[in-house]
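*Asks:* Sequence:
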Amino acid sequence: MTGRKKSIQSRLMNLISLSLAVILSILFILIDVNMDDWAENQFTNEIQSQSYILKSIISVNHPEKMLITGNDILNAEQINNIYYQVWVNGRVVEKSPNMRHLPDINLIRQKIGLNTSAMDHVDLPDGERGVAIFSRFTVPGRAHTEYYLTVYNSEAKLNRVLYTIDTALIVSFILTLFLTRIVARHIVVKGLAPLSALNDEIIRTTAEPSRLLSLSEHDVEEISPIYQSVNRYISHNRDLMNNEKRITSDIAHELKTPISELITLTEVYEKFPDDPRIAATYSRDILTISSEMKSLVNGLLSLQQIDSQTSSDNTDVALRPLLTMLMQKQNITRDDLRIKMSFEGKQNASLFTDKTALSVILRNLLDNALYYRQQHTRPCVDIRSYPHGTYLIVSNKSQHQYNQATLDNLTNPLFKFDTSRKNDKHYGLGLTIVKRLCEKHGYSLFVRQDNDMNFSVIVMIPHPASLTEPLDR
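Just so you know, we're using full-length UniProt numbering here: the sequence shown kicks off at 1 and counts up by one.
These are computed hints drawn from the structure, not numbers from a lab. Note that the Cβ used here is the ideal one computed from N, Cα and C, for glycine as well. Treat the hints with care, since some could be wrong.
Derived CB-CB ranges, DEER-like [claimed, not checked]: (1) 237 / 175: 50 to 56 Å; (2) 285 / 212: 49 to 55 Å; (3) 123 / 41: 21 to 27 Å; (4) 356 / 228: 35 to 41 Å; (5) 106 / 57: 33 to 39 Å; (6) 325 / 267: 43 to 49 Å; (7) 93 / 38: 35 to 41 Å; (8) 33 / 93: 41 to 47 Å; (9) 183 / 118: 50 to 56 Å; (10) 19 / 106: 57 to 63 Å; (11) 268 / 314: 53 to 59 Å; (12) 356 / 222: 44 to 50 Å.
Only pairs whose alpha carbons sit at most 27 Å apart, straight line, appear in this in silico DSSO-like list of lysine-lysine [claimed, not checked]: (13) 294 / 256; (14) 440 / 355; (15) 245 / 256; (16) 95 / 111; (17) 256 / 271; (18) 245 / 190; (19) 5 / 190; (20) 440 / 294; (21) 397 / 245; (22) 245 / 271; (23) 157 / 95; (24) 397 / 329.
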């Protein structure tokens with residue numbers, strides 16, 4: 001059972017929503033705290049204003065028996081919402097109308113200084129929680145008369161306001177989160193639109209594997225490298241496909257002739273088995289044709305083996321003995337080659353590299369140079385060692401003048417400059433094998449020809465931790 005696939009869109013939406021939710025939570029908490037403080041301050045100001053009004057009424061009506069009358073309060077709702085009690089010189093003289101049915105209950109009288117006030121949370125006579133304000137004062141003209149006023153006001157109204165504020169903020173918060181989610185989705189979808197366009201373009205490209213992706217009119221900085229990388233990949237694959245098609249065609253062409261020769265020779269031999277002219281050369285002709293096919297197949301297998309090789313065995317390789325050994329194996333004498341070696345004062349320099357790969361490279365270069373040289377000319381092997389790397393230069397006087405396109409194609413498998421060329425050992429694989437080995441082991445390969453038809457193949461083997469440019473010749 002496969003796990004659930006990760007979604008960039010969902011991840012971005014969740015991250016954006018979470019970030020905005022945290023910011024909004026902090027913002028709404030601050031708003032809620034400030035709104036609660038504002039409501040409590042309003043409630044406090046209201047009860048202080050009520051106490052101030054009652055004290056003003058007492059100051060005006062102090063000679064009368066009833067210090068406070070109902071008409072003195074602003075409205076009936078305020079009368080019913082508050083409880084008050086007045087003391088004169090420590091004796092209760094008046095209570096609020098809503099306490100008349102509670103004759104045995106007195107409001108709290110705290111000890112406070114003269115002409116001062118105090119506030120405290122209390123339980124109202126009806127059982128609700130409320131706030132009390134206590135005032136001890138005198139009135140003008142009666143300095144020896146001390147008044148004490150206690151006013152209770154219920155917190156129910158304040159609680160209703162706070163509840164309303166909290167409810168409104170919660171609903172607003174939920175709606176804001178919902179809208180934030182919608183906005184986040186819109187932003188993410190719009191931001192990922194170039195990726196969707198890229199995916200659609202890739203889907204359209206699958207019908208035409210060699211078709212490059214086309215950039216949209218509004219290029220996106222983050223998407224452009226992806227387009228370029230995919231196009232490079234498509235171009236590389238297209239080149240590989242074309243190269244494989246060409247190789248397949250060339251292999252078929254190379255094998256077609258010897259197979260046809262085998263079929264024709266066999267048919268003739270079967271038709272005229274007693275003809276001594278045919279019987280005398282039949283076995284040798286079969287062996288020659290089979291050898292041609294074997295050489296081609298061995299070359300292709302060598303190329304495949306190089307491509308599939310994953311590791312190398314680097315050792316110290318002495319160049320002079322290695323070159324001598326290869327010349328002996330290929331029956332090459334000193335009269336066939338001109339050899340020049342320069343090791344900056346050393347008599348027998350060595351390289352730390354893969355001996356097998358280097359041997360194959362030198363063997364193919366020597367073979368090609370001897371085969372494609374002009375008659376009565378001697379190829380040259382020039383080995384130069386520098387601090388940054390060692391150059392292996394194998395050159396010969398060429399039979400043809402190549403243009404740059406041909407020079408570039410000489411390292412392609414089974415490439416033929418002369419389509420009529422026919423040889424049982426040369427199928428256009430030598431330089432291809434050299435190129436593959438150079439790529440695998442980090443060597444640099446250069447193929448050149450000057451105006452005097454001097455053809456050169458240069459292999460630069462870098463020394464450890466060195467980079468270099470092509471050798472100027």
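*Asks:* Hints first: check each against the structure and report whether it holds.
*Replies:* Taking the hints in turn, this is what the structure says about them:
1. Taking 50 to 56 Å as the suggested C-beta distance range, the pair residue 237 and residue 175 conforms, at roughly 52 Å.
2. Here the CB-CB span from residue 285 to residue 212 is close to 51 Å, well matched to the stated 49 to 55 Å.
3. Take residue 123 and residue 41: their Cβ atoms lie about 23 Å apart, and the range 21 to 27 Å holds.
4. In this structure, residue 356 and residue 228 meet the distance hint of 35 to 41 Å, their C-beta atoms being roughly 38 Å apart.
5. A C-beta distance of roughly 21 Å is found between residue 106 and residue 57, which places it outside the suggested range of 33 to 39 Å.
6. One distance hint, 43 to 49 Å for the beta-carbon pair residue 325 and residue 267, holds here, with the actual separation near 46 Å.
7. Distance hint check: the CB atoms of residue 93 and residue 38 are about 37 Å apart, consistent with the given range 35 to 41 Å.
8. Range check, residue 33 to residue 93: about 43 Å between beta-carbon atoms, so the 41 to 47 Å window is met.
9. In this structure, residue 183 and residue 118 meet the distance hint of 50 to 56 Å, their C-beta atoms being roughly 51 Å apart.
10. Between residue 19 and residue 106 the CB atoms are about 58 Å apart, so this pair conforms to the stated range of 57 to 63 Å.
11. The hinted window of 53 to 59 Å between residue 268 and residue 314 holds, with their beta carbons roughly 54 Å apart.
12. Checked against the hint of 44 to 50 Å, the pair residue 356 and residue 222 passes, with Cβ atoms roughly 46 Å apart.
13. With a C-alpha separation of about 14 Å, the suggested pairing of residue 294 with residue 256 holds against the 27 Å cut-off.
14. Pair hint residue 440 plus residue 355 holds up; C-alpha atoms about 14 Å apart against a cutoff of 27 Å.
15. Distance hint between residue 245 and residue 256 is fulfilled; the C-alpha atoms sit about 16 Å from each other, no more than 27 Å.
16. About 19 Å separates the Cα atoms of residue 95 and residue 111, which keeps this hinted pair within 27 Å; it holds.
17. The hinted pair formed by residue 256 and residue 271 meets the criterion: a straight-line CA distance of about 22 Å does not exceed 27 Å.
18. Restraint check for residue 245 and residue 190: the C-alpha separation of about 43 Å exceeds 27 Å, so the hint is violated.
19. For a cut-off of 27 Å, the pair hint linking residue 5 to residue 190 stands: about 21 Å separates their Cα positions.
20. At roughly 26 Å between alpha-carbon atoms, residue 440 and residue 294 fall within 27 Å of each other, so this suggested pair holds.
21. Straight-line distance between C-alpha atoms of residue 397 and residue 245 comes to about 32 Å, which puts the hinted pair past the 27 Å bound.
22. Taking the CA atoms of residue 245 and residue 271, the gap is near 38 Å; set against the 27 Å cutoff, the hint is violated.
23. A threshold of 27 Å between alpha carbons decides the hint, and for residue 157 with residue 95 the separation of about 22 Å falls inside it, so the pair holds.
24. For the proposed pair residue 397 and residue 329, the alpha carbon gap of about 23 Å is at most 27 Å, so the pair holds.
In terms of the numbered hints stated before, the structure departs from hints 5, 18, 21, 22, listed from lowest to highest.
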